[in-house]
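Colleague: Residues per chain, in single letters:
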Amino acid sequence: MAEVLMQRTPAALHEPEGNFLTENPGLKNWLFTVDHKRIGLMYFWTIMTMFFVGGVLALVLRTELLTPKTTIVSAEVYNQLFTLHGVIMTFLVLVPVIPATLGNFVLPMMLGAKDVAFPRLNLLSYYLYVFGALLAVGAIIGGGLDTGWTFYTPYSSTISGGVSIMTMGAFVLGFSSILTGVNFIATIHKLRAPGLSWYNMPLFIWGMYATAVIQVLATPVIGITMVLLLMERLFQVGIFDASLGGDPVLFQHFFWFYSHPVVYIMILPGMACISEVIPTFSHKPIFGYKAIAWSSVGIAVVSFFVWGHHMFVSGQSEFAGAIFSFLTFVVAIPSGVKVFNWLATMYRGSISLGAPMLYAISFLLLFGIGGLTGLFLGTVAVDVHLHDTYFIVAHFHYVMMGGTLIAFFAGLHYWWPKMYGRMYNELWAAIGCLFVFLGFNGTFIPQFLLGSRGMPRRYYNYLDQFQFLHVASTIGSYLLGVGLVIMAVTLIVPLFRKRYDAPNNPWGAASLEWTVSSPPPTHNFHHVPVVTHGPYDFKAARRLEQMESHS
Amino acid sequence: MSVENEAMESIPHHGEEVHTHNHTKWYVANILALFVLTGITVLAAGINFGSNTVNLMIAMAIATVKAGLVALIFMHLLWEKGMNAVIFLSSLFFVALFMSFTFFDVETRAKIEPATPSEPGVSAGYQPAPLPLYVVAPKGGAASEHGEAAKAAGGQAAH
Amino acid sequence: MSDIAIPAGGQAHAHASPHSRHLQHHFHNSAQQFEASKIGMWLFLVTEILLFSGLFLAYFMLQTRHPQAFIEAHHHLDRSLGVLNTLVLLVSSFTMVMAVQSAALNRIKATLIYLYATFGLGGVFLFVKYIEYSHKFHDGLLLGNLFSYKGANVPGEYLFFSMYFVMTGIHGIHIIVGMGVIAYLIWRTHQRVFSSAYYTPIDLTGLYWHLVDLIWIFLFPLLYLVS
Amino acid sequence: MMPVTQASDYAREVDNIYMFITYFGIFFYAVIVLGVGYFVYKYRRRRQNEETPDITHNTALEIIWTVIPSIPLVVMAFWGFNTYMQARVAPADALEIKVIAKKWAWEFTYPNGMSFGQEMHVPAGRPVKLVMISQDVIHDFYLPDFRIKADIVPNRYTQLWFNADEPGEHQVFCAEYCGRDHSNMLAKVVVDTEEQYQQWLEQKAEEAMNMPLPELGKLLYVNKGCNTCHSIDGTRIQGPSFKGIWGQTHQFSNAAPAVVDENYIRESLLQPTARVRAGYEAIMPSFQGLLREREIQALAEYVKSLK
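Chains as they are written, first to last, in my numbering: chain C, 1 to 551; chain S, 552 to 710; chain U, 711 to 937; chain F, 938 to 1244.
Derived by calculation from the structure, the hints in this document are not laboratory data.
Hints are all accurate, no fakes.
Anything over 10 Å on all C-beta distances counts as not near chain C; from chain F, calculated:
| # | residue |
| --- | --- |
| 1 | P1104 |
| 2 | D1129 |
| 3 | P1149 |
| 4 | R1229 |
| 5 | E1230 |
| 6 | I1233 |
Pulled a few chain S residues facing chain U out of the computed Cβ check, cut under 7 Å:
| # | residue |
| --- | --- |
| 7 | N603 |
| 8 | A614 |
| 9 | V621 |
| 10 | F625 |
All values derive from a computational prediction rather than experimental measurement.
Glycine included, C-beta positions come from ideal geometry on N, C-alpha and C.
Just chain C, with the same shape it has in the complex (with noise of 0.2 Å):
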């Protein structure tokens, strides 16, 4: 990689100030907008709004099981808010999460471009998604559903309530996930700045171009898979109701072929987040940058050929689950890799304990349980027991939440000042992710231990013995729902105080975003830049900056 300066025009210095949230203000020039950095922000603020119902509902779920039987509300009641629950985080929360907010919002300016090569399909996409949320919560005042967010049949394609809206939801959903793929594909492919080779994009992007090759291969299966579904309540078409000559397992594997990958969708992003964090906090390049790239990539491909791993006990012929057994070994394999990657990026650096750096870290301790309790559960004879049990429920949420989520967190306190303009307290950001860190713990390592003991998930009432571990856990939720509330306000109070104002690259960083103004101008960059270092060589990037400030 040249080590050259970073050509940019002295006037670029002295450009008139104005900014994409203050430019063009008012409601309409808001919600008409095309602007990745705006269209970001509105799904930045939608998902998380989703994301506060969802956890309030996980909330209701975990005070409900504090006893056995009814504690506040009744079975029918509890069995659709974990429906409500699953839905939205999975397909309104963690789909969408990095790529429709961080993605969006940095992804144009780290490649050097104005916007996303379809900014107006960018909006669409946003508003599918919010007609989609509206169809999945709007399910629940058509009748409710309590089919668990897998939809299995026959029982999805039989019971009465609202079903249909949640498939017709799920199936809008898909489109807007499918619209942010393709666009990001073209924009990488197509709106590189000059200088910009493949391998010196920084890892976020290789990481949000992997997602989007799943969005775009795997989404479409779940749209047919809706239809397929909406067809048999409709008309008992027939295809996957047993009693009507079809094969409910075959229903699992169309579920599946999306439902697998779509956690990819849910990682990668997250680990290309952390791929940025570390090495700018370690003041060092990213160890082994072509192993992380190309593997990402490769999880991408390779999560297409595990499904069967979910339907171990389904029924599924026992030769099958061998293939999808030693295939989801082999996906273990990429993921490892980038652990050790990150450590060693850490190794011999100069590391400076931030908030996004704190959740970075945090992210590499919950996903290591993550990744490391998948093994028993690729695990064919260990699975079988484990299976459908609170262990996997433990399991999924260290991956989604602890991996996705807490990578999120990372991101989002990694470009916030870039956001909006404005540091945070890094004191209470800290005790936040403090808070986050050991209510997560606390709320999911009772449940890994439920599970080993047979504890059935989807479970309203159980057994008496099991009560001591699911009061720690709902105790553990309790604490985390205070850490993200500290989060909240942490990140939100600094928005009304002006004295919180950001420099353009407070963290040292040295891809491109960070050579703009925080928040940035409406369109990006007011010369096409021209890329002469890499993403991690932070020391030709601040004798650039060194320039710049003498000139």
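Starting from the known structure of chain C, fit chains S, U and F onto it as the hints suggest.
Modeller: Positioned in the frame of chain C, the structure of chains S, U and F alone reads:
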């Protein structure tokens, strides 16, 4: 590599467009070929090549040739840059993956029986026999008969 | 080569490109915009292929489970209408590709004629489908629980018609959407919007139309020629 | 680590794999935790503009940490699959018990063709094969003490087998979500000695044959799971209550009104959707082929007795 050269790489420029050639001859030839292949498909459907599966595969093979012609000539993959072809072909790869794994499951859901039935009387201290543990019974038989019968019953119930 | 927006002089703005009327602000030139659109369209086609792959898989599954029912049921379809519709769609693909080429060669009048022809052939396809559908409705050869045909002698024939209606239905929706877009293109062509310098929408619609044709190529033998 | 009863050799074997993975996991987790902790302390940033070395990669090291951990993974995959196959292949002389799952009850049918409620009695030391089918949606037979579990799919038999070490009682869960009372779809496996098992079977069979009809009906009401949807005290659960319905005229959503008599009850059991009580959903499974004539009579007599 100089900055200017890298710039050339990532931003395309005018004069590269390849669509200004006149391909009418190709198109006419292609549509005629497609007509002929349609005729062959219909004729082939009248012949029994052995089994249902083989007939279906032959029909699908001809359809694939036709689809290939459409993609190469009407959709310009023959003259396009590689990237679009890569995108198109990769989709086919994943379709094949989806179908083959699912079929593999369904086709190997055979009845599994113990290779050596344990003798009566030793059951109290029963130990699983050393390998081979199991044999796979031929497909069909009881399981699928049951399926047909139940389906017939279910079919009536549904209507 | 000279019109690339390299900020050497500090003044070279992307808008300096000659075709700025259709050039969106975040692209450097129309070639870049065209290629980006093209990649986007191919990615969209990928999603369409994966979407239909689910239908094909469901078809193959049911067909292997109930081969006799599928053979029996497909006799109710009119093979000659199927062949006719195949030919109609193939010809429409030809007219579509000619429309794209005419636009690329700046022969706008020919473009218009070919677009009208494509639209018309799409209409013919739908009309033939309408005849087929109304026949099936009349006989009660319908999907799922609407199946009310009395003469079925192999159990499970309704599964074939479930697949028939879901597959041709979703394909038909694609034809209707395609015709809608072509109608829009005809309107815009009348307004002299397209030229050899800018015909991206026609090109992309062409790709979409060919894909719809390509899917029919597979549907035809599966539904009409089961043996 | 897994303080759950190990009720069979198979359970012990699964736990061996479980422990192997646990040790592997603890080792690698320790590497991560100690690595992070040590680096964060040792290489903490001491001053602004601290210089760091430009270490970008080390191919040998990367190959090592890719390949070495892969080896135990291969062990896990093989060991896990081989053990799993043992659970799939029942010995030919196994005692065969038919399991029918429905919302939200179990039915266990013994080789003598009879079934006696939510407790499965099996002899210790003899392989027991379960041949399972569902009547409505997907259920799942989960026996944690034996580390076995399998989905029960409608219209298709799935199998499980186990061989209990010694007499005892073990919990059965439904592990695939199946509706409102999923969490109450419980049962027990009671392991007896061979003699106790035979005695129990004979005694139960005799009881059922000689019982007066209303009493048999009362037993069936629980054993066949009627009680999960129909109360006998007038409260509405999923279906209408049985209390005092005998001789009443009922309204139906899909048929003309009719009087509750022996024929109506018979039809409700065998073709439940033929006449659906107004205000209720057509969700009752059919008991066609699952009830003897005497048992149908017994249920009718039982309903008659509920005033």
